[in-house]
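Protein chains: 2
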Amino acid sequence: MTDCVFCKMVNGEIKPDTVYEDERVLAFRDTNPQAPVHVLVIPKRHIATLNDLDESDAELAGALLLGAARVAQQEGIADSGYRTVINCNNEAGQSVYHIHLHLLGGRRMRWPPG
Amino acid sequence: MTDCVFCKMVNGEIKPDTVYEDERVLAFRDTNPQAPVHVLVIPKRHIATLNDLDESDAELAGALLLGAARVAQQEGIADSGYRTVINCNNEAGQSVYHIHLHLLGGRRMRWPPG
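For the record, the sequence lines run as chains A and B. Oh and the first sequence: position 51 is 53 in this note's numbering, straight run, nothing missing. Oh and the second sequence: position 38 is 40 in this note's numbering, straight run, nothing missing.
Next comes chain A alone, as it looks inside the complex (with noise of 0.2 Å):
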């Protein structure tokens, strides 16, 4: 996708603030931060929405809470904890449409989660 900000990040045009990069997923800070911690995870091939996932990206969509997990231990907050969130489509709130996770942490948090 030409025109898609995180696919440009993935292919390097633009340069995100990376925590953690492997075959499957990048991620990197949130310019927005809401949280001390706030990382979003992203699948390196463009999937717009969770709408969008077949039966067949069960393994890349696990991947995603996977690097999460892993860059919550990097960032030192697995133990005192850490919120995962998905936004879908317009009443969520998704700005990008390319699959992207929050990870956020260093606080706590509130609930309802928004």
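These are calculated hints, taken from the structure and not from any lab test. Incorrect hints may have been included.
Since the list gives no way to pick one copy over another, a pair counts as held whenever it fits inside one copy or between any two copies.
As the list claims (entries may be wrong) - Here are the simulated EDC-like pairs of lysine to aspartate or glutamate, each with C-alpha atoms no more than 20 Å apart in a straight line:
1. Lys10 with Asp32
2. Lys46 with Glu57
3. Lys46 with Glu23
4. Lys46 with Glu61
5. Lys46 with Glu15
6. Lys10 with Glu25
7. Lys17 with Asp5
8. Lys46 with Glu25
9. Lys46 with Asp5
10. Lys10 with Asp24
11. Lys46 with Asp24
Add chain B to chain A, keeping to what the hints say.
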């Protein structure tokens, strides 16, 4: 886990308000809903937190997200939008130590997510 309330739902000892089930996950309504649609999606296998996932669990972890997307479709909120949330450990407010994904929708979600 004989003392885990979610395992008791999986094995039928407690009957939740089930909305979806497949070989890997079970989805049921939260008893303290924070949105018009508020469903929990859990793995049938007991895993305490996101920190306890290992690489071989990628597909099972992805099944939580695929299950959420399927329930969103079923509940008629896939197009309007929905948020998925997983809390890990105390600061995030994890209450039951069996991984559970919160699926919330049917209203506009706020930011930050708690």
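Structure-based check of each hint:
1. Taking identical chains as interchangeable, the C-alpha atoms of Lys10 and Asp32 lie at most 20 Å apart only when both belong to the same chain, with a minimum of 15 Å there against 39 Å between chains.
2. Taking the shortest Cα distances, Lys46 and Glu57 sit within 20 Å of each other both inside one copy (18 Å) and across copies (18 Å).
3. For the identical chains of this complex, Lys46 and Glu23 are intra-copy neighbours only, at 9 Å inside a copy versus 29 Å across copies, given an alpha-carbon limit of 20 Å.
4. With identical chains, the CA atoms of Lys46 and Glu61 are at most 20 Å apart both within one copy (13 Å) and between copies (17 Å).
5. Only within a single protomer do Lys46 and Glu15 lie at most 20 Å apart by alpha-carbon distance; the minimum there is 14 Å, versus 42 Å between protomers.
6. Taking identical chains as interchangeable, the C-alpha atoms of Lys10 and Glu25 lie at most 20 Å apart only when both belong to the same chain, with a minimum of 16 Å there against 37 Å between chains.
7. For the homomeric pair Lys17 and Asp5, the shortest alpha-carbon distance inside one copy (15 Å) is at most 20 Å, but the shortest distance between copies (48 Å) is not.
8. Proximity of Lys46 and Glu25 under a CA criterion of 20 Å is satisfied intra-copy only: 8 Å inside one chain copy versus 28 Å between copies.
9. With identical chains, the CA atoms of Lys46 and Asp5 are at most 20 Å apart within one copy only, with a shortest distance of 15 Å there and 40 Å across copies.
10. Taking CA atoms no more than 20 Å apart as the test, Lys10 paired with Asp24 passes inside one copy only; the shortest distance there is 16 Å, against 37 Å between copies.
11. With identical chains, the CA atoms of Lys46 and Asp24 are at most 20 Å apart within one copy only, with a shortest distance of 9 Å there and 28 Å across copies.
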